[in-house]
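**Student:** Model the full assembly from the supplied sequences, consistent with the hints where possible.
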Amino acid sequence: MCLTQKTGEMEQILEVKNLSVLRVEKTESISILNDINFMVKKGEMFCLVGESGSGKTTLALSIIKLLPKSFKIASGEILINGKNILEINEQSMRNIRGKDISIIFQDPSAYLDPLFTIGSHLQESYHGKNENKKELISLALQEVGLDSEVQTVYPHQLSGGQQQRVMIAMALINKPSIIIADEPTTALDVLTTRQVIDLLNAIRLKHNPAIFFITHDLELAMKTGTRIGIMYRGHIVEIFKPGREKPSHPYANILLGTIEGKDTILELNFKKNTMDSKQMQQKCPFFDMCVEKEARCKKTIPFVWCDSETGIRCLKNGRNTQV
Amino acid sequence: MKKLVLKRLLQLIPMLIGMSFVSFIIIQSSPGDYFAQMKMNPEISPETIESMKVNFGLDRPILVQYLLWLKNMCKLDFGVSFAYHIPVRTLIKFRLKNTICLAIFSLVISWVIALPLAVFAGYREGTFIDKIFSMLAYLSISLPSFFVALLFVYFISKTNLLPLGGTRSIFEVDASSFALFKDYMEHLLVPGLVLCLVNVGGLFRLMKNNFIETFNTPYVLAAWARGVPRNSVIFKHALRNALNPMFTILGMEIGGILNGAALTEIICGWPGMGSLILEAVLSHDLYLVMGSLVISGFLLIVGNLIGDILIAFFDPRIRIS
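Taken in order, these protein sequences are the chains called A and F. Residue 301 in our numbering is what sits at position 301 of the first sequence, and the numbering runs on without skipping anything. Residue 118 in our numbering is what sits at position 118 of the second sequence, and the numbering runs on without skipping anything.
Hints may contain errors.
Unchecked claim - Taking lysine-lysine and the DSS-like style, the derived pairs with C-alpha atoms no more than 25 Å apart in a straight line are:
#  : chain 1 : residue 1 : chain 2 : residue 2
1  : F       : Lys236    : A       : Lys133
2  : F       : Lys97     : A       : Lys69
3  : A       : Lys175    : A       : Lys129
4  : A       : Lys316    : A       : Lys299
5  : A       : Lys99     : A       : Lys17
6  : A       : Lys223    : A       : Lys206
7  : A       : Lys17     : A       : Lys206
8  : A       : Lys206    : A       : Lys241
9  : A       : Lys69     : A       : Lys17
10 : F       : Lys236    : A       : Lys65
11 : F       : Lys131    : A       : Lys26
12 : F       : Lys236    : F       : Lys97
13 : F       : Lys182    : A       : Lys72
14 : A       : Lys69     : F       : Lys131
15 : A       : Lys99     : F       : Lys236
16 : A       : Lys293    : A       : Lys278
17 : A       : Lys298    : A       : Lys283
18 : F       : Lys93     : A       : Lys129
19 : A       : Lys316    : A       : Lys293
20 : A       : Lys72     : A       : Lys26
21 : A       : Lys134    : F       : Lys97
22 : A       : Lys298    : A       : Lys278
23 : F       : Lys158    : F       : Lys131
24 : A       : Lys42     : A       : Lys17
Keep in mind the hints are simulated off the structure, nothing from the lab. Remember, it's a predicted structure, so these values are computed and weren't measured experimentally.
**Tutor:** Right, dumping it as structure tokens:
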């Protein structure tokens, strides 16, 4: 039975509290995710934006508990429908995956088994009773704009866009409460990207799942997201609502500047963040790069919620009054 | 699929002709011949040797000799062995049966042992049990077949656990076919196990690496993420994909049946093709060498064909373009 936690008007489907992930090497442990805090509510599209290597995919894999062997969750909680998945065993987690939480990966051609037909993939993804399996599969395909005949073909016989639609159909088939979309449009052309985004939005409006959309494209996130989280080197530095307010964190502003055509990004090109993961835990992770830094930024900066939906990890803007 | 098989079978003809032509020229161009040894024997007159040469057609130019041999080979007549004085076809038929039995026995046993162990060790990569299996595999790879064969022969001769040498014991005339089969298998066991021991380590390592590679592919991760049960992830997705490169190895192993077992056959006294080819080459028994080479080439091509067909059958990317 799914437990739900209500905050305000909308149900919280996913809540991540103080999550830290380490990569354990022979001699040392490197911090990959540091004190991650956010939640995704039913029916919303939460976009997580960050550059390559910032830890977006690690976060997605942490949420489905499929981190590589060398990665270890050091602390924190991941609540799905109120249940802390870090406390449950692998067998129970297997029952949650695909059913309560599903994921769409970035390169569909690599994530579909080349030896099996699309129908076989969809049948395997469906966890319900067998009675109306065929009907549901056809319906899921129809919903993503594919013919039922596509079931007999193999992944390599489909285009990239069609393959991604299949991935979405597989993610959708059990009507999960949250769908993680890990850069689902990275391998696609502009038109197909638009179609996939429209499809995800249509699904969100129809079935009301929470969508955790990971991308490195801030412009796309600004257009599609209900809330946006900005990630920088393993830290969520700001969560804000697009349209209503502008982000306050200097890094978020630099990213935004790239969309607006400002040359702030040029400053970054000549600077290099030389801090290692330990130093980043001891002071603001953006300290080396920040043009607005002060002496007080040289200490651990926690992530602070400004209201129930937005928050920041910076002292500068005044919203972070708890520090 | 049918097209692929037909195409490959047609390719077999020019390949066999080309291979046999080059081999014929090389053998005939090498210094000395079968009759060189006879010339040393004062009991055999030069006239006798000359008449034998005429009988075997060796007095004609090399190209004519080859064409004559080729013409006969089309009728499956490989000529007569100089040393055994019986048709090469009869000689090869008996020896080939033994070699194929030996190869199939060792192939089946080594694959049946290596593949499940490789999947088991691959799934438990880095654990104590994986390290033990890997160490044994290294041992199997590093031991030369002749050394293992010598150890086996020594051990069996000391313990008398199994018969050694030949393919059958001396039997009563009315021995049952089951008794004959059992006896044949007992004779086969020593060279078969030697080959199996030498082969199993390499197969284990190849399969384990394939399995680990596929087990870490994105589509296996995606299967876990869809909540697919563990056994389905391992056997349906990881194992099926890991088996694909093994079909090529299987084809190559079938192709190498004749050459792979020669040393083991000789040491264990198994009357197979390996020892026959070696004797034939050493004594310049032209038609026997040529006959063996054709069979060897045929098996090589057929082995690769079987590998290709299996890959096409199991991999839709090759079957459906």
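**Student:** With reference to the structure, classify each hint as holding or not holding.
**Tutor:** Do the hints match the structure? See the list:
1. Restraint check for F/Lys236 and A/Lys133: the C-alpha separation of about 20 Å stays at or below 25 Å, so the hint holds.
2. With a C-alpha separation of about 50 Å, the suggested pair F/Lys97 and A/Lys69 falls outside the 25 Å cut-off, and the hint is violated.
3. About 14 Å separates the Cα atoms of A/Lys175 and A/Lys129, which keeps this hinted pair within 25 Å; it holds.
4. Distance hint between A/Lys316 and A/Lys299 is fulfilled; the C-alpha atoms sit about 13 Å from each other, no more than 25 Å.
5. Our distance criterion of 25 Å between C-alpha atoms is met by A/Lys99 and A/Lys17, whose separation comes to about 23 Å.
6. Between A/Lys223 and A/Lys206 the CA atoms are separated by roughly 19 Å; this keeps the pair inside 25 Å, and the hint holds.
7. At most 25 Å may separate the alpha-carbon atoms for a hinted pair to count; A/Lys17 and A/Lys206 exceed this at roughly 29 Å.
8. As the CA atoms of A/Lys206 and A/Lys241 are separated by approximately 22 Å, the hinted pair is consistent with the 25 Å bound.
9. With a CA separation close to 22 Å, the supplied pair A/Lys69 and A/Lys17 stays within the 25 Å bound.
10. Proximity of F/Lys236 to A/Lys65 is assessed by CA-CA distance (about 22 Å); at most 25 Å being required, the pair is judged to hold.
11. Of the pairs offered as hints, the one joining F/Lys131 and A/Lys26 holds, with about 18 Å between alpha carbons and a cut-off of 25 Å not exceeded.
12. For the hint pairing F/Lys236 with F/Lys97, the CA-to-CA distance comes to about 37 Å; that exceeds 25 Å, so the pair is violated.
13. Under the criterion of a C-alpha separation no larger than 25 Å, the hint pairing F/Lys182 with A/Lys72 is inconsistent with the structure, at around 57 Å.
14. The straight-line distance between the Cα atoms of A/Lys69 and F/Lys131 is roughly 18 Å, inside the 25 Å bound, and the hint therefore holds.
15. Between the alpha carbons of A/Lys99 and F/Lys236 the distance comes to roughly 20 Å, so the proposed pair stays at or under 25 Å and holds.
16. For the proposed pair A/Lys293 and A/Lys278, the alpha carbon gap of about 19 Å is at most 25 Å, so the pair holds.
17. At most 25 Å may separate the alpha-carbon atoms for a hinted pair to count; A/Lys298 and A/Lys283 meet this at roughly 5 Å.
18. For a cut-off of 25 Å, the pair hint linking F/Lys93 to A/Lys129 is broken: about 59 Å separates their Cα positions.
19. Of the pairs offered as hints, the one joining A/Lys316 and A/Lys293 holds, with about 8 Å between alpha carbons and a cut-off of 25 Å not exceeded.
20. The suggested pairing of A/Lys72 with A/Lys26 holds, with an alpha-carbon distance near 13 Å, which does not exceed 25 Å.
21. For the proposed pair A/Lys134 and F/Lys97, the alpha carbon gap of about 52 Å is over 25 Å, so the pair is violated.
22. At most 25 Å may separate the alpha-carbon atoms for a hinted pair to count; A/Lys298 and A/Lys278 meet this at roughly 13 Å.
23. A threshold of 25 Å between alpha carbons decides the hint, and for F/Lys158 with F/Lys131 the separation of about 33 Å lies outside it, so the pair is violated.
24. At most 25 Å may separate the alpha-carbon atoms for a hinted pair to count; A/Lys42 and A/Lys17 meet this at roughly 18 Å.
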